Amino acid sequence: MELALAKAAFAFYAAAMALAFLYLFYKDDKWSLWMLRLMGVGVLLQSASFGFRMHSFWLIPENRYFLPINSFFGALSYLSLAVAAVFYFVEGRHRLGILGAFVLPWPVIGLGSALIWADPKTSGLVPALQSYWINIHPVVLMTSYAAFGNAFGVGLALLVQEHQIKSRKPSELCYRLPSIEELDDLNYHIIAAAWPVLTVGIIMGGVWAYNAWGRFWGWDPKETWALITALIYAGYLHMRYVGRLRGKKAIYVSMVGFASVVFTFLGVNFLSGLHAYLSGGA
Amino acid sequence: MLKYRNKMALFRSIRFNIYVGLAIAIAAAVGTLVPQTPESPANVETFQLHHPALSHFYHFLGFFDLYHSPWFMGLLALMAFDIVLCKLWNRPPDPDVVSLPPEETKEAEAEKHLSMKAEALRLKPLKAVLVAKTPYREAAAKAREMLRARGYHLREEFSLPQGSAFLATRHRPQRWGSYTTHIALVVILLGALIKGVWGFTEMIPVLEGSSRAVQNIPQWSVHVDHFRVRYYPGTMNPSSYESDVRLTDGGKLLAAKTIHVNDPLDYQGVRFYQASWGAGGMFRKVLLEIGGKAMELAQRRAEAIPGLPFRVEADMMLPDFTITPDGRPDTASLEPKNPAVRFAFFLGKNKTRALWLFMNFPKVCLVEDEDGRLSHAPPPPFRLAGIEPILFSGIQTAYDPGYKVVAAGGILWLCGTVLLFYLHRRRLWVLVEPRRKGSKEEMESSPIRLSVGGFGSRGPKAYAAEFDSIIRAFETELSGHAEIQESRNNIQEVV
Amino acid sequence: MNLLLAGLNHKTAPLPLRERLAVLEPQKTLHQLRSEGFAEGVIIATCNRFELYALAPRNSGRGAAELSVFLERQAGAPFGPAAYRMENGDAVRHLFEVASGLDSLVVGETDILGQVKDSYFVAKDAGMTGKLSNVLFQRALFVGKRVRTETAISVGPTSVASLAVDLASRVFGNLADCSALILGAGAMAQTLSRTLRSRSAKEIVISNRSWDRAREIAAECAGSAVPWEEFPRALAAADIVIASTASPTPIVNSETVLRAMKGRMGRSLFFIDISMPRNVDESVHGLDHVYLYRMEDLEKIVAESLKSRDHAVRHAGEIVREKADEFSRWFESVRDGREISLTHSDHGDS
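As given, the protein sequences belong to chains A, B and C, one line each in that order. Residue 185 in the working numbering sits at position 185 of the first sequence, and the numbers go up by one each step. Take the position in the second sequence, starting the count at 1, then add 1000; the result is the number in the working numbering. Take the position in the third sequence, starting the count at 1, then add 2000; the result is the number in the working numbering.
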């Protein structure tokens, strides 16, 4: 049931993404409206799927009442659900339908790769994860990752717009996308909102580590990479806020920051470490 | 003093600090790619074996213990130093942010008065001027009341030659956000420094039923009376493990507790964590089944096999049996996932054979020759029926006097970032002028000219909508109309 | 009741004839119309058209020709084939086409919608509207709006000035945050500065070799003037730069711009070079965050956009036809005294 629902949610997300791309090239508000509806159904389906996952996860008494995000499948589906829900909320309020094409690929890729490569089986939590912190620390961090994913989409839109104007052959797209400076501001505002969440999440991880292993910070690859991500975005925020440096250079820095987010989430599992908890990968 | 400041200009420059942060980020990334001695000494040795020349270079740079190398510490210290310097001496980029020390300077005072002039107000990124019928004597109070109702905090009221003026603010604590955040970072680094100087961590593996001294406090001993591990049904994945721990000083009991993962024993700030566990090579007894009859064997004690001329001895156990590439027995981990026991058979005094038998694979038997190499043997007439291994409990012992400082820094960080990023500081300068000058009476009943300048910490665009609605409210409440309305949000996008 | 229409537009009538009608005051004309015995009537008068819609009782025998004669009397000149005269269904469709911009000189332009709306309100204020004309004109406005949101008919620029300003708004968003620097004093530069002013640009700065001329133009468009020698420094503060001097050699090269960009911290700089020969060196466009559009670039984009509007026209025509038929059915049902409901379902998803 859980898998069937997740697959259905994936289908809805993919359809919504297709509509978002159509909307990019054909001005018809119908596309945007249907995109939003499909997204809504997808979010509902995936929430239900996550509910089923929670149910089967809690059949193991030790897992009660922790979130099932200890495996790749669980983490990826939570992450894509968070991105989709955040986008649904933002889109529903601000109707920035045009940005759908830049944001929706993330939940589609996230849920898709979970369905294709990750093992959906639930298993018992290892003792170190049996702490209320598992409901806080990873959730807080993944929420910030979801926001950074959105900011990355905005950054992409900015580069597209920049290219449009630079080319001297602006297409329909140019008039549909928000202006360079607006996208620049949006990128900044999302990052400014998500960065405190990231850093507080890292500090919470330190508190958990102190309670579980007796050290606040241990330069484990995962925590180190989270710190690197925070440093890169801190550099971006300083460029923007203090240096008042905007434009492409700042966008590139924020994109490097997102690359670091992806590496923290996925790549670090190839470097051994204490955070190699995510199980059931390829 | 001025000269000294200039000398420090490099360290006060944001650009330089961004580079310092970048250097820390790159160094930290390198540390995750090169094996680290404190984490995995074995990997470091392997690396050194394969890349001798590179290792020499890495060793020189301190790459094998990068995070504790002097230069990395130096970078962190430099960052802390720069932050303190920047925050104490730099003029804040946003003129409305308090400077430290937070008393308002004379210049700031002068600027404030200057900014009340209508001309200066027009220089604000958000501004509006409107004329209204409300008599001068009521207008300022009415305007103040409206702003109060909108959640504004009314600060100062001045009487200027041309009229009266006041300042209104919202979310004023936002201006402390940047300081709090940066100070929090320094506090956290300070906590780490305290730990580095006075704190310690050590791993004490204690066999069940025995004790070991704490190296950093030699008079203390940790006893593990019982160690228990439980598995998820049908798997070899532990669901929990715990130790009954006693801490003694000489013969005196200091503390006792059953410790779990995430639930340590705390004695005078020294904490004992259940960090890991495993099986060494020790066991209490094994059960060997020969011809349907079981015999109990203690470790390294040869026993005669009833009815046979042989004696047998169980001399070694590997908890997670695996074969090395050159064909020797080894263990993949310390968890008893694939336990195997080596039995030596004696005929008289001569050792005849060494056989490996497995708990999980009763049909498999491996023969070990004198060089320690393995080869397959036909299924034996006996089988390994049970093992009672002696487990060790890995007890991480840590003393971190800096933790409270770090935790305080963390809370400060939370407050600082919330102030800085989630509050939206807004400031309105309002100047009310009578349109008719003359006698006092005439002025009091005169219609007014109201100039409003706005500042928002998130920039004019983010504040424009609210600013406009305030101006519209002024228009309706004071029965006026905008003379110049140059706020930013009232232009429609072109289709 | 019969719906009658008489009118002429830029396609059917020469300018002198249209001018004769343009001077008529709609209120007065409507008044005249009332004295002729018409109870409901609306006049749409713009620089490109003059149209009179009126309703006459069915059995009165009055037709569009009579309406045309009325207008000819007002204009004091015969129209002949320059005018079109339509009744009922045809008139409805024509009105919907007008409101949709299908009948405009620049197809799809949006001003006409506002003009139709204003015309309707003028008639309403004059008491010359009733149930039928109210529904008719509200329907026309609705169709005009719908055509513009559902088709690409109003997408893209139609003039060089509006394109240049549109492009600037694709870079900066709200132009109210932008300062414009105008180099030179060409006529096109003045058109552009007027367009910028109407879009609430923050500041307009003029620099010209002749200081007096610069001050003159500055006064005209409520801007400020900067001495010619100082314009390279003004570049650092400007967002939109319009170059239209008669200089035979480029006056802005990449070196000048690079120096100006240093202080801009990545904020974009948008050049519009409408001079011939060029004032701004082409290499400027290669710099980061700097965009240079020359006259021929703008003209090419405008031409292409107008061409692509043609495709939208067919789609728009379908919507207009469908809605006109729907309205005509309702109109007839009212005439026959068995009113059917005029579907409003499409209000929901508009």
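Some hints could be false.
As the list claims (entries may be wrong) - Once the Cα atoms are required to be at most 27 Å apart in a straight line, the calculated DSS-like pairs of lysine-lysine come out as: (1) C:Lys2028 - C:Lys2124; (2) A:Lys166 - C:Lys2307; (3) B:Lys1285 - B:Lys1363; (4) C:Lys2300 - B:Lys1461; (5) B:Lys1285 - B:Lys1337; (6) A:Lys169 - C:Lys2307; (7) B:Lys1252 - A:Lys249; (8) C:Lys2262 - A:Lys166; (9) C:Lys2124 - A:Lys248; (10) C:Lys2262 - A:Lys249; (11) A:Lys249 - B:Lys1461; (12) C:Lys2300 - A:Lys30; (13) C:Lys2307 - A:Lys30; (14) A:Lys248 - A:Lys166; (15) B:Lys1461 - A:Lys166; (16) B:Lys1087 - C:Lys2145; (17) C:Lys2300 - A:Lys166; (18) B:Lys1440 - B:Lys1351; (19) A:Lys169 - C:Lys2300; (20) A:Lys248 - C:Lys2262; (21) C:Lys2145 - C:Lys2011; (22) A:Lys248 - B:Lys1461.
To be verified - Below, a sample of chain A positions facing chain C; criterion: calculated Cβ distance under 7 Å: (23) Arg93; (24) Ile165; (25) Arg168; (26) Cys174; (27) Ser179; (28) Ile180; (29) Glu181; (30) Glu182; (31) Leu245; (32) Gly247; (33) Lys248; (34) Lys249.
These aren't lab readings, by the way, just hints derived from the structure by calculation. The structure displayed is predicted, hence computed values, not measured ones. The C-beta atom is built at its ideal place from N, Cα and C for all residues, glycine as well.
For the hint on Ile165 (chain A), just tell me whether its beta-carbon gets within less than 7 Å of chain C. 5 Å, holds
Mind checking the alpha carbons of Lys1285 (chain B) and Lys1337 (chain B) for me, to see if they're no more than 27 Å apart? 18 Å, holds
Is the shortest C-beta separation between Arg93 (chain A) and chain C less than 7 Å? Not OK, violated: Arg93 (chain A) not within 7 Å of chain C, min 19 Å.
Compare the distance between the alpha carbons of Lys1285 (chain B) and Lys1363 (chain B) with 27 Å, and conclude whether the hinted pair is satisfied. Holds. Lys1285 (chain B) to Lys1363 (chain B) sits at ~21 Å (cutoff 27 Å).
Is the hinted pair Lys2124 (chain C) and Lys248 (chain A) satisfied, with a Cα-Cα distance of at most 27 Å? 54 Å, violated
Measure nothing beyond the straight line between the CA atoms of Lys248 (chain A) and Lys1461 (chain B); if it is 27 Å or shorter, mark the hint as holding. 20 Å, holds
Any CB of chain C closer than 7 Å to the CB of Glu181 (chain A)? Hint on Glu181 (chain A): holds, closest Cβ of chain C at ~5 Å, below 7 Å.
Using the nearest Cβ pair, does Lys248 (chain A) come within less than 7 Å of chain C? 6 Å, holds
Against the 27 Å threshold, does the CA-CA distance of Lys1087 (chain B) and Lys2145 (chain C) hold or violate the hint? 56 Å, violated
Hinted pair Lys249 (chain A) and Lys1461 (chain B), Cα distance within 27 Å: 22 Å, holds
Taking 27 Å as the top limit, are the C-alpha atoms of Lys1252 (chain B) and Lys249 (chain A) close enough? 65 Å, violated
Verify the interface restraint on Leu245 (chain A): the C-beta must sit less than 7 Å from at least one C-beta of chain C. Holds, about 5 Å.
Hints 4, 7, 9, 12, 16, 18, 23 from the list above are not met by this structure, while the remaining hints are.
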